[in-house]
Amino acid sequence: MNDLKKQFAKETTITNELGLHARPAAMIAEIANRATSNVWLIKNDQCVDASSIIDILSLACLQGSNITLQIEDPADAEILNQLHELFESGFGE
Amino acid sequence: MTPREREIILNGISGSPGICIGKAYLVDREGVDVIEKYYISEDKVKSEISRFKNAAKKAKNELSQVIEGLPEDLKQHSYILETHMLLHKDKMLYGKAIEIIESEKVNAEWALKEATSRAKAMFANISDPYLRSRSADVEHVSDCIMRNLVGVQDFNISNIDKRVILVAHNLSPAETSQIQLERIKGFITNRGGKASHTSIIARTLEIPAVLGLENATEVIKNDDIIIVDGNRGMVIVDPDEETLFRYENLSKKYEADKADAVRTSDQPAESSDGFLMGIMGNIEQPEEIVTVRDHGGDGIGLFRTEFLYLNRPQYPDEEELFEQYKEVVELITPKPVTIRTLDINGDKEISAVPTPDEANPALGLRAIRFCLKKPDIFKTQLRAILRAAAHGYIRLLLPMISGCEEIHRTIELLDEAAEELERENHAYNREIEIGAMIEVPSSALIADALAELVDFFSIGTNDLVQYTLAIDRVNRHVAYLYNPLHPAVIRLLKMVADTAHRKNVKVYMCGEMAAEIINLPVLMGLGFEELSMAPQSIPMIKNMIRKIDAAGARDFVKKICNQKSAVDTMQFIEDTYGNLLTETA
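Heads up: the protein sequence lines correspond to chains P and G, in order. For the first sequence, position 88 (counting from the first letter as 1) is numbered 566 according to my numbering, and the numbering increases by one without interruption. For the second sequence, position 316 (counting from the first letter as 1) is numbered 340 according to my numbering, and the numbering increases by one without interruption.
So that you can see chain P by itself, here it is in the shape it has in the complex (with noise of 0.2 Å):
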């Protein structure tokens, strides 16, 4: 990963119990399909596209998977935090 993509992605880490299931992936897919441009979700080599909640849900993340959250375009900012706290809240679960 270069430096300027580094810029444009956040960890984090599954906490919820069921993992990133039916609810949390529609969750996530509903915030990620007002993106500009592309936002990735990345667990280890997998990448997938976080505006489909069949993509996300074939990463199959269990509880306590690490994931890379990405954004191609700076003026998604503000959708990368809003992913970021929704991870970190454990999909309020």
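Honestly, the hints are just simulated from the structure, not real lab data. There is no bait here: all hints are sound.
Distance ranges between label pairs, derived from CB positions: (1) G:E242 - P:E571: 32 to 42 Å; (2) P:C525 - G:K245: 46 to 56 Å; (3) P:C525 - G:N384: 30 to 40 Å.
Below, a list of computed lysine to aspartate or glutamate pairs in the DMTMM-like style, where the Cα atoms sit at most 20 Å apart: (4) G:K245 - G:E31; (5) G:K81 - P:E508; (6) G:K115 - P:E508; (7) G:K120 - P:D527; (8) G:K113 - P:D527; (9) G:K115 - P:D527; (10) P:K488 - P:E566; (11) G:K245 - G:D262; (12) G:K113 - G:E86; (13) G:K120 - P:E508; (14) G:K115 - P:E550; (15) P:K488 - P:E508; (16) G:K144 - P:D527.
Think of the CB as a built atom: it goes at the ideal place given N, C-alpha and C, for glycine as much as any other residue.
Put chain G on the given structure of chain P with help from the hints.
Below, chain G without anything else, positioned relative to chain P:
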């Protein structure tokens, strides 16, 4: 079609107890299954795409109407529907289908089918069973769009105008919430299990449901007369007159008994010859104590303490645990609370501990093994329990004991904890009763040695049956072998109970076996002093105990140990207690 000669019995999984008799109403989805494939010319691509978009939009509108029309008590389940709303526009489904129409020049139905199977394939490799099963959500959404594309006359469950028994392959949450529930007497599905959405709804509404029948939609035809026996997980199609008559009485009796049981639930459970049994509730959270009290529970036989350890990156501290345990004990005092120490297993990982992948979590580092490996964490919990014990009647239950060393080690930790609390001037009570959970066959076999160390045994039947019969009960292929009435299980139970009586140690049970009325004569005969179960089961179980003669049950158990199979055992129970069972079930 030729009329059937005789009744057909289908066996499935009980999703919700109760009995009903009525006409079958099949939720028909034929017509969606056969998808035609044809190529379209370049100039038709645009109109094909807009045909697809229209269908998706219509499907989405239908769903949003369903959500709007949802009655209040079902609103809490509606997040699943909200998820479906978003799925309608998901790139991997919606976007992909449009892409396929464009690139492959195929009709919209075929493109949607392709996109759906690709999306489903993405789920196939997920190892977590819960996440993997989410592919059903994709399937449901895809079906809704497909129905609008193909123009199949959509059955509309909300238009059912007679009281029927719903028969379906599988009911999606959207479909379940469309139903005008007062019109439904019961549910029957090919798929689904005890934890499925349909089962939860049926239990909330207190109507019978039998699920996991595999081929119900093939065997049952519209307007067939069927009997749903949610107590036994059984469906009878085209019952003959004798069966019908018997079940009509059973059904009336069941309803009357249920009402009666609730009325008398706060009375003690005393057998017909005066033997008193404690009927307790299993809980996970302090709030559930109210339910236990409302259903007439004589205390808490199993308080699962995992909840405070889940959903969080750090372990809870002693204060937090103490406050919760104190709340529980104060709410139920002077009745006892049996606190089971941390029982974490493969499917309840704590985020604070990245558990190494275990090939066999059920045989791995869990429960007492985990706690003894992390003595600091364990001691924090023990300290909180000892402190709470100063405020009421607490019993300590140790899960997954497989040998004496584990109890020795726990007692050492308890002593250390007590010494520390003494030095720190905390109020505490070291004189709490200690119990071993008997759920591993090895502990049943050395019950006499364990009895020297503990005050009581509590049998966790779910795991004991699973370990004894070597059956993973959530594995659909072998689940049929899971039977607590297997002679091997009964002999183990007898061994533990007899040892307990000889050694003057109390013997309780806290597994699902305790909540099934068919097992009661056996459990009473074996001399269990307390049974603990889901609070909702307490009234029925108490009612049943009042009808059984404990001395007679003891004689009965002597004979039952000679049975050679679970089927023989069940038959023997039916033969001896059939009248009582049918009266109550």
